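Visitor: Once you've looked at the hints, dock chain B against the given chain A.
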Amino acid sequence: MTIVETSLGPGGRLAALPPDWPGGYWWHWLVFVVIILIFVVVMVMAFIYMERRGLGRLQARLGPNRAGPLGILQPVADAIKVLLKEDIIPAKGDKLVHWLAPVVAFVPALMIFAVIPFQDGALLVDLNIGILYIVAISSVATVGVFMAGWASNNKFSLLGAMRDVAQVVSYEIPLVLSIAGVVLVAGSLSMNEIVEAQSVPFILLQPLGFLIFFMAACAEVNRTPFDLLEAESEIVAGFHTEYSGMKFALFYLVEYTEVLALSAIITTLFLSGWRGPLLPPFLWFLIKVVAVFFLIFWVRSTIPRLRIDQVMAFAWKCLLPLALINLFITGLEIVALPEGLPWFLILVNIAIMVVLVVLWSGFFKLGGGRVEV
Amino acid sequence: MAIKTEPFVLNLGPVHPSTHGVFRMRTTLDGEVVVDMEPVFGYLHRGIEKLAEERTYTGVIPLTDRLDYLASMSNTLAYVLAVEKLAGITVPERAEYLRVIMAELQRIASHLIAVGAFLNDCGAFMTPILYMIREREKILDLFDMVCGQRLTYNYMRVGGVSHDIPDEFLPALDKFVNRMPGFIDEYDQLLKKNEILLVRAKGVGILPKEMAINISAGGPVLRGSGVKWDIRKADPYSVYDRFEFDIPTGTVGDCYDRYRVRIEEMRQSVRIIKQAMEQLPSGAVKSEVPHLIRPPVGEAYAHIEAPKGELGFYLVSDNSIAPYRCAIRAPSLINLTALCDMVKGWKVADAIATFGSIDICMGEVDR
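The listed protein sequences derive, respectively, from chains A and B.
Residues 239 to 611 (our numbering) are what the first sequence spells out, left to right.
Residues 16 to 382 (our numbering) are what the second sequence spells out, left to right.
It should be emphasised that the hints constitute simulated quantities derived from the structure, not laboratory data.
For clarity, every value in this text was computed on a predicted model and none was experimentally measured.
No residue lacks a Cβ here, since even glycine has one placed at the ideal position from N, Cα and C.
Hints may contain errors.
Okay, derived cross-link-like pairs now, SDA-like style, lysine to any residue, Cα gap no bigger than 25 Å in a straight line [claimed, not checked]:
#, chain 1, residue 1, chain 2, residue 2
1, B, Lys153, A, Gly292
2, B, Lys207, A, Leu597
3, B, Lys207, A, Ser377
Chain B residues, not near chain A, derived (Cβ > 12 Å throughout) [as the list claims (entries may be wrong)]:
#, residue
4, His31
5, Glu53
6, Glu69
7, Arg109
8, Met160
9, Ile180
10, Arg194
11, Glu210
12, Ala216
13, Lys224
14, Val285
15, Asn334
16, Ala342
Okay, chain A solo, but in the shape it has when bound (with noise of 0.2 Å):
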């Protein structure tokens, strides 16, 4: 027990408890264990919806609109097509991981949640390593997804699982070194008091770290324009080919899952979680994650894919540097003023950001690639 607990400065406590609650601890956990399930399954059914309209509207056409009042109902039609249809396992596929990669990689997606403050101190338990738990649980999902590229038994599966592992990977490393300099400014691990520590949001006073953690955990989940793994016009649907009806529907609902953890952690980490003027917290939060989720799909609809080795280059020769030095600096920032930040390094901090986007963004050689055969 005395290994994970930190004191934090004077009167420090045991985050690592839950906040009071009425009836006390198993109360609340089977309490937020529902509101979790519950909050996940209709913000994936609003963000299917949302993104479905978003996108048709992006893309000069209406979008779904004939299920129910302007299509309201389209993410609860495709659910029960998708459920009733059968579910095929490939003949030489390996049947018991092809049943359990669906599981292996939602339930991680899930577990994040567990950590989210929704708002002050409303979190199924405040860890007080929150966000290395968040960073240790999420990479598990990439087991789930190799196993049903092996267990499919499908060249199209394998590639997209390779790919997925080696982009994960890759993307790892500048994900938790942009979260390190979030860390270190808000002097806490736990979730709940780095959205304490922003009294403004972290995306001011890291406007490099939030790129980075932007971009990375976009490599994270898979979204454009680092959607390697089921890039439809090269591998069809990568490691969810053979994959049909009640699994594939968890696969997707997997995808959806982790989008809205990437939402809710950038919320948390840059823009301030629940805090804000006049409306409820709650209300904070959900506006902020849709904004976030909104971002997201928006460069989907935007952008064309990069290639394989183009990802992993701009993981290792891009983010990499930059994460390092926005680490960097931020510890100079906080050991040179130790009394607080002041407000004038937000000016500073951006200049840097703009500084160093402008010189690595000659970094991708045209037509590299190319291997002798």
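Guide: Showing chain B alone in chain A's frame:
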């Protein structure tokens, strides 16, 4: 110590999201790198050349519509030019201009799909192609006005065109021609200097100038490699010698050059349509042609600059009502022959992008 690996065979197609029909690329991959590729086609073979021998000269026109179904007007134009050459039929002035207008509209429509599909293959999630389909829709509306069809028009006839244009056609065309350059600018704004598109398309899938000439490639594929060759200028058919337009060319012959050439060609087509609208004479649109054409014994070859390249029809007549032999020079098929050399050594994603940039239509490849 290096891990021992061996290449494996991956069948891209015949049913695959980006094979633009039923085409199969039997690729040998070493990891992600394409070591070898063998194109396999013929899934859509309908025997159009043989079928043509069983039909009257007029009856073949609907068949040619179904060759390159994204550019039906151009196909029929090439065929009727061949028949007219064979039978010595003259075409009224107005019909010639209408043919040019339709062929250029068709070129824009075909290039819109080509560019959109290429960007889709590069991974731009449906957005560019949907914007381009929006404009193609307007062209299809124009075709609908003149012949009542949206895909297989059957509009060009031996000795002219089937109908004169309705009154509302010219104002609608004028509106379209004035708005189209703005739309092309819109695509450019989104994608011309997009960093990701540049790294995906520049220097990728290079077709060298010599090879392009040696395989007798045509259309944007040839011009992308820097060869200034366009049948409309080199051997003007119809009334193309009366219009001013440029031939856009690329420099190195990569995917990006082919993409740029198509975008520029759309601008040139708009220019041609504008001139044709100004010069459009009045009069008949179809000369007197017997119902059953019996051309004298002989042979004729007519070729046009179709959107995808040089489309040629070679007809042999034995003085009967049906062609004795009809051979089609399909640009898609000929452009496709260089695919293997263009993609060797590149990644799977590049192979798909290169394939998309060649712009083939399986209806024409398999015939």
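Visitor: When the hints from earlier in the document are held up against this structure, which numbers fail?
Guide: 3, 4, 11 and 12
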